[in-house]
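Asker: Heads up: the protein sequence lines correspond to chains A and B, in order.
Mind the numbering: the first sequence is residues 1 to 247 in our numbering, read in order.
Mind the numbering: the second sequence is residues 1 to 320 in our numbering, read in order.
Just so you know, these hints were derived from the structure itself, not from any lab.
Remember, it's a predicted structure, so these values are computed and weren't measured experimentally.
Where hints are given, some of them may not hold.
[Claimed, not checked] Result set (DSSO-like, lysine-lysine): computed pairs, CA atoms no more than 30 Å apart in a straight line:
no.: 1; chain 1: B; residue 1: 127; chain 2: A; residue 2: 20
no.: 2; chain 1: A; residue 1: 103; chain 2: B; residue 2: 293
no.: 3; chain 1: A; residue 1: 2; chain 2: B; residue 2: 186
no.: 4; chain 1: B; residue 1: 78; chain 2: A; residue 2: 245
no.: 5; chain 1: B; residue 1: 315; chain 2: A; residue 2: 157
no.: 6; chain 1: A; residue 1: 245; chain 2: B; residue 2: 15
no.: 7; chain 1: B; residue 1: 51; chain 2: A; residue 2: 226
no.: 8; chain 1: A; residue 1: 245; chain 2: B; residue 2: 26
no.: 9; chain 1: A; residue 1: 245; chain 2: B; residue 2: 136
no.: 10; chain 1: B; residue 1: 26; chain 2: A; residue 2: 226
no.: 11; chain 1: A; residue 1: 24; chain 2: B; residue 2: 181
no.: 12; chain 1: B; residue 1: 14; chain 2: A; residue 2: 245
no.: 13; chain 1: B; residue 1: 15; chain 2: A; residue 2: 24
no.: 14; chain 1: A; residue 1: 157; chain 2: B; residue 2: 309
no.: 15; chain 1: B; residue 1: 278; chain 2: A; residue 2: 20
no.: 16; chain 1: A; residue 1: 103; chain 2: A; residue 2: 226
no.: 17; chain 1: A; residue 1: 157; chain 2: B; residue 2: 184
no.: 18; chain 1: B; residue 1: 127; chain 2: B; residue 2: 223
no.: 19; chain 1: B; residue 1: 184; chain 2: B; residue 2: 12
no.: 20; chain 1: B; residue 1: 78; chain 2: A; residue 2: 226
no.: 21; chain 1: B; residue 1: 184; chain 2: A; residue 2: 245
no.: 22; chain 1: B; residue 1: 51; chain 2: B; residue 2: 29
no.: 23; chain 1: B; residue 1: 223; chain 2: B; residue 2: 318
no.: 24; chain 1: A; residue 1: 157; chain 2: B; residue 2: 78
no.: 25; chain 1: A; residue 1: 51; chain 2: B; residue 2: 223
no.: 26; chain 1: A; residue 1: 226; chain 2: B; residue 2: 12
no.: 27; chain 1: B; residue 1: 278; chain 2: B; residue 2: 136
no.: 28; chain 1: A; residue 1: 226; chain 2: B; residue 2: 293
no.: 29; chain 1: A; residue 1: 157; chain 2: A; residue 2: 245
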Amino acid sequence: MKYLVCISKVPDTTAKISFKNEDKEFNSDGVTFIMNPTDEWYALVRALELKEASGGQVTVINVGPKDNEKFLRSAIAIGADDAVLIEANEETESYYIAKNIAKYAQENGYNFVITGKETISFNSFSLGGMIAEFMDLPFINQATQWMLNGEVSTIYKEIEGGEEVLEVTGNCVISAQKGMAEQRLANMKGIMMAKTKPLAIIPIALGEEKVQVSQYQVTPPRGNCKMFTLDQIDELVQALQSEAKVI
Amino acid sequence: MVLVFLESSNHKIKKNSLEVITYGKKIAKANNGKLIGIHFGALDDSDSCNKYGLDKLFILNEPVFEVFDSRLYTKAIKAVYLAENCQFAFFGFNLNGKALSARLAAALDGGLVNGANSFADLNGGFKVQKTIYSGKAIATYQIVAQHKILSIASNTVSIEENPSTCEVVNFNSGIAASEVKVKKIKEEKVAGEIPLAEADLVVSGGRGLKGPENWGMIEDCAKIIGAATACSRAVADAHWRPHHEHVGQTGGAIAPNLYIAVGISGAIQHLAGVSNSKTILVVNIDPEAPFFKAADYGVVGDAFEVMPKLNEALKKAKGV
Ligand SMILES: Cc1cc2nc3c(=O)[nH]c(=O)nc-3n(C[C@H](O)[C@H](O)[C@H](O)COP(=O)(O)OP(=O)(O)OC[C@H]3O[C@@H](n4cnc5c(N)ncnc54)[C@H](O)[C@@H]3O)c2cc1C
Ligand SMILES: Nc1ncnc2c1ncn2[C@@H]1O[C@H](COP(=O)(O)O)[C@@H](O)[C@H]1O
Chain A
1 MKYLVCISKV PDTTAKISFK NEDKEFNSDG VTFIMNPTDE WYALVRALEL
51 KEASGGQVTV INVGPKDNEK FLRSAIAIGA DDAVLIEANE ETESYYIAKN
101 IAKYAQENGY NFVITGKETI SFNSFSLGGM IAEFMDLPFI NQATQWMLNG
151 EVSTIYKEIE GGEEVLEVTG NCVISAQKGM AEQRLANMKG IMMAKTKPLA
201 IIPIALGEEK VQVSQYQVTP PRGNCKMFTL DQIDELVQAL QSEAKVI
Chain B
1 MVLVFLESSN HKIKKNSLEV ITYGKKIAKA NNGKLIGIHF GALDDSDSCN
51 KYGLDKLFIL NEPVFEVFDS RLYTKAIKAV YLAENCQFAF FGFNLNGKAL
101 SARLAAALDG GLVNGANSFA DLNGGFKVQK TIYSGKAIAT YQIVAQHKIL
151 SIASNTVSIE ENPSTCEVVN FNSGIAASEV KVKKIKEEKV AGEIPLAEAD
201 LVVSGGRGLK GPENWGMIED CAKIIGAATA CSRAVADAHW RPHHEHVGQT
251 GGAIAPNLYI AVGISGAIQH LAGVSNSKTI LVVNIDPEAP FFKAADYGVV
301 GDAFEVMPKL NEALKKAKGV
């Protein structure tokens, strides 16, 4: 089986977020970037586990600037066989990221495309569904477990108020979340190999713009927190009732 | 025309779908267009359809739609969307809504905002906001494509009545049985609990509660006010609580009217999942706990003292 794992680059979870250029552009000064956690911990590791169990190839792919090569190398160090960078600028829309990944997957005969459930930067939850649509494949989103037996995938996912187990026959697109695997660290051998495994760089194909960001803003802080002591619990409940009007 | 995707439980349109209807109705009115609903499976809720302003409701009740398969649902939604000359399609920002909105955007070469949480600004275009960077920032998006697709976060608009006469159409997609690629093997519902993703009120516990045996006071609180229960990742990782209760960056993201956080420090990754809550109450023994900076109401105190008192006061206030 051939697995294509989508890897995105995001600011570190604890990064302070700010904007520049009249709030039209992300300010990356002093920000550390990492592989998106769900891509690294769940999507990539589960693909590696399935390959280790029954053979195949795990390719990692990113759509982004040339510099993102280093995140793909890190993914190779964790165990991926090879990597593809579709060179594009930082602001490329989900629609075109998905379209280019879908095209690559189709032309190169991948069976499964695996994404994280969302990036922790744009929280779009969009890419997997778009890739699946462009490839006319089933899409299981926010999967928590994935087993593969021959052609048949058994996939667990949380649903509102419970869990369901699905069976998908043949190729599909899966977005992964917590539960699917455990984070793996790169070992020395992986890090050594990472430099020698293939990494292809190809240009992106773009078209008409669909969505533009017209403005960013840092979320305004909440007003001051009103404090109550143990003896003022009745007053607190009153505030919840008549001021906040939430109970 | 505006198309809205509707979900139901027990034959009644869900609250989040009613919000999507309200949102869609406003856009339809602004464009002098009609509001068209689409629902998979039988629905017996003509009251809501007429009350909240649907002009037309498409019911798709073929066996191929028995199991949710975003691929087949999208084919059918696209067919209705095009037949009705729509320019807008709105979904709820939940598991199925997110998958469908993304697919439909690709299928129509449209523009998508998943998780929109403001009413659209229609002056000189179509602008809508959503939170990014896990709640740390807000982006305003302008959809420039002809087809505009949104999934809408819960509590973005309050449900409004808009009386109409809804025509019901039974639509046949003609999708062949051989197209079905997704089978459901098993479904387990956690009985009796209020599903976290849909809850208006949420009571949540962290490591400050010391152990799973102390969750009684959290559950009591939830029961008194009719809330769902949640927890921090540290708690789920320690197996004190089931994983589906875990909220935050790696868990679920929620936006209830009230979030009560007890013995949770307020780590940035936790806040990522809850900072869109309308009102936040924090109970923590440490006055320096970071969560107080992200809260509206706070009690500095030992949860084991505060919660019994809070529960008593809530009982009185609710008359239970
Ligand atoms: C990449 C990444 C992703 C993460 N994702 C998530 C996520 O999705 N969700 C999440 O929750 N965390 C997440 N975390 C973990 C997060 O950083 C924190 O470690 C976690 O939220 C801490 O949980 P806690 O607040 O329950 O525990 P602690 O940090 O141990 O806090 C316990 C709190 O209880 C208070 N306390 C102690 N005793 C009492 C008492 N008797 N009465 C009242 N208060 C008391 C303490 O003052 C303290 O503030 C993530 C971390 C990383 C690195
Ligand atoms: N630029 C990108 N290159 C490759 N994969 C991406 C990119 N952006 C997002 N993804 C993948 O798509 C998933 C969902 O992203 P999003 O829809 O942006 O929230 C991520 O978890 C990644 O697996």
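Asker: Please go over all the hints and tell whether each is borne out by the structure.
Answerer: For each hint, the structure was consulted:
Between residue 127 of chain B and residue 20 of chain A the alpha-carbon distance is near 21 Å, which keeps this suggested pair within the 30 Å criterion. Simply put, residue 103 of chain A and residue 293 of chain B have alpha-carbon atoms about 46 Å apart, too far for the 30 Å limit, and the pair is violated. Taken as a hint, the residue 2 of chain A and residue 186 of chain B pair is honoured in the structure, with Cα atoms around 28 Å apart against an allowance of 30 Å. Distance check on the hinted pair: residue 78 of chain B and residue 245 of chain A sit about 41 Å apart at the alpha-carbon level, beyond 30 Å; violated.
Taken as a hint, the residue 315 of chain B and residue 157 of chain A pair is broken in the structure, with Cα atoms around 36 Å apart against an allowance of 30 Å. With a CA separation close to 19 Å, the supplied pair residue 245 of chain A and residue 15 of chain B stays within the 30 Å bound. Simply put, residue 51 of chain B and residue 226 of chain A have alpha-carbon atoms about 40 Å apart, too far for the 30 Å limit, and the pair is violated. Restraint check: the Cα-Cα separation between residue 245 of chain A and residue 26 of chain B comes to about 26 Å, which is no more than 30 Å; the hinted pair holds.
Between residue 245 of chain A and residue 136 of chain B the CA atoms are separated by roughly 25 Å; this keeps the pair inside 30 Å, and the hint holds. Straight-line distance between C-alpha atoms of residue 26 of chain B and residue 226 of chain A comes to about 36 Å, which puts the hinted pair past the 30 Å bound. Restraint check: the Cα-Cα separation between residue 24 of chain A and residue 181 of chain B comes to about 43 Å, which exceeds 30 Å; the hinted pair is violated. For the suggested pair residue 14 of chain B and residue 245 of chain A, the alpha carbons sit about 23 Å apart, so the restraint of at most 30 Å is met.
For the hint linking residue 15 of chain B to residue 24 of chain A, the alpha-carbon distance of about 35 Å lies beyond 30 Å, and the restraint is violated. As the CA atoms of residue 157 of chain A and residue 309 of chain B are separated by approximately 38 Å, the hinted pair breaks the 30 Å bound. The suggested pairing of residue 278 of chain B with residue 20 of chain A holds, with an alpha-carbon distance near 28 Å, which does not exceed 30 Å. As the CA atoms of residue 103 of chain A and residue 226 of chain A are separated by approximately 54 Å, the hinted pair breaks the 30 Å bound.
Note on residue 157 of chain A and residue 184 of chain B: the hinted pairing holds, with a Cα-Cα distance of about 11 Å set against a maximum of 30 Å. The hinted pair formed by residue 127 of chain B and residue 223 of chain B fails the criterion: a straight-line CA distance of about 40 Å is larger than 30 Å. A threshold of 30 Å between alpha carbons decides the hint, and for residue 184 of chain B with residue 12 of chain B the separation of about 23 Å falls inside it, so the pair holds. Between residue 78 of chain B and residue 226 of chain A the CA atoms are separated by roughly 49 Å; this puts the pair beyond 30 Å, and the hint is violated.
Pair hint residue 184 of chain B plus residue 245 of chain A does not hold up; C-alpha atoms about 42 Å apart against a cutoff of 30 Å. Of the supplied pair hints, the one linking residue 51 of chain B and residue 29 of chain B holds, its CA atoms being roughly 15 Å apart against a limit of 30 Å. Of the pairs offered as hints, the one joining residue 223 of chain B and residue 318 of chain B holds, with about 11 Å between alpha carbons and a cut-off of 30 Å not exceeded. At most 30 Å may separate the alpha-carbon atoms for a hinted pair to count; residue 157 of chain A and residue 78 of chain B meet this at roughly 25 Å.
Only pairs whose Cα atoms come within 30 Å are accepted, and residue 51 of chain A paired with residue 223 of chain B is rejected, the gap being roughly 46 Å. For the given pair, residue 226 of chain A sits about 39 Å from residue 12 of chain B by alpha-carbon distance, which is inconsistent with the 30 Å threshold. A C-alpha spacing of about 15 Å is found between residue 278 of chain B and residue 136 of chain B, which places the hinted pair at or below 30 Å, so the restraint holds. Taking the CA atoms of residue 226 of chain A and residue 293 of chain B, the gap is about 10 Å. The hint holds against a cut of 30 Å.
As the CA atoms of residue 157 of chain A and residue 245 of chain A are separated by approximately 35 Å, the hinted pair breaks the 30 Å bound.
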